[in-house]
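Its first residue numbered 52, the sequence shown is counted upward by one per residue in my numbering.
Some hints here could point you the wrong way.
What follows is a list of derived Cβ distance ranges for each label pair [to be verified]:
#1 Arg237 to Asn157: 34 to 40 Å
#2 Thr136 to Asn54: 25 to 31 Å
#3 Val229 to Ala57: 45 to 51 Å
Since the hints were made in silico from the structure, they are not lab data. Built from N, CA and C at the ideal position, the CB exists for glycine as well.
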Amino acid sequence: MTNIEAICQGKIKMLAGYHLAGADLSGVSLADADLSQANLTGANLAGANLQRAILRANLRGADLSGADLSGADFRNADLRGASFTNAQVRDASFGGAFLAGASIGNLDLSGVDFRGADLRGADLHRAILHHADLSNANLSGADFSGADLEEANLNGAVLRGANLTGANLLCAAIEQTVWDGALLDRTCKAGTPLSL
52 MTNIEAICQG KIKMLAGYHL AGADLSGVSL ADADLSQANL TGANLAGANL
102 QRAILRANLR GADLSGADLS GADFRNADLR GASFTNAQVR DASFGGAFLA
152 GASIGNLDLS GVDFRGADLR GADLHRAILH HADLSNANLS GADFSGADLE
202 EANLNGAVLR GANLTGANLL CAAIEQTVWD GALLDRTCKA GTPLSL
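Could you build the full structure based on these sequences and the hints that come with them?
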């Protein structure tokens, strides 16, 4: 039995440092697995169960479509260009992660920790970000059009050139937030258009 077969059968959960670039791990159950420092560049994790997994790894260009990532730890992970289409991401931690250009729009990201994350140019359109922590995150050029950021923490975040057209910022914390060049058409805070 190869390591990939053992992983796919859920027999190996300690995968720290494993080289799994380009591996097909679609539909695999890796709940609570430790993938710290693993190389999962371009890996197919579509439909995988990664609940509470430690994924402080290289996931650049990985396919996480339809995966259950609830409570997963992505702190400081490289997720540039990763796809999260239809993934379950509630209560995951992306603090300090590199998500530039990642596609995480149309997802329920309620309670997700993005503190200090790099989300430059990321697609977050129509995402639900209730109570999400985006403090000190670099959100330059990100697409938040139609996103629901109710009660989100944007303190110290950089939204330079970001698209917030039609976004809801009701009760969002926005102290020391950088808005230079951000598109704010139809953006509202407390039920009224946002004025900075």
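Evaluation of the provided hints:
no., hint, result
1, Arg237 to Asn157: 34 to 40 Å, "violated, 19 Å"
2, Thr136 to Asn54: 25 to 31 Å, "holds, 28 Å"
3, Val229 to Ala57: 45 to 51 Å, "holds, 48 Å"
When each numbered hint is compared with the structure, a violation occurs for hint 1 only.
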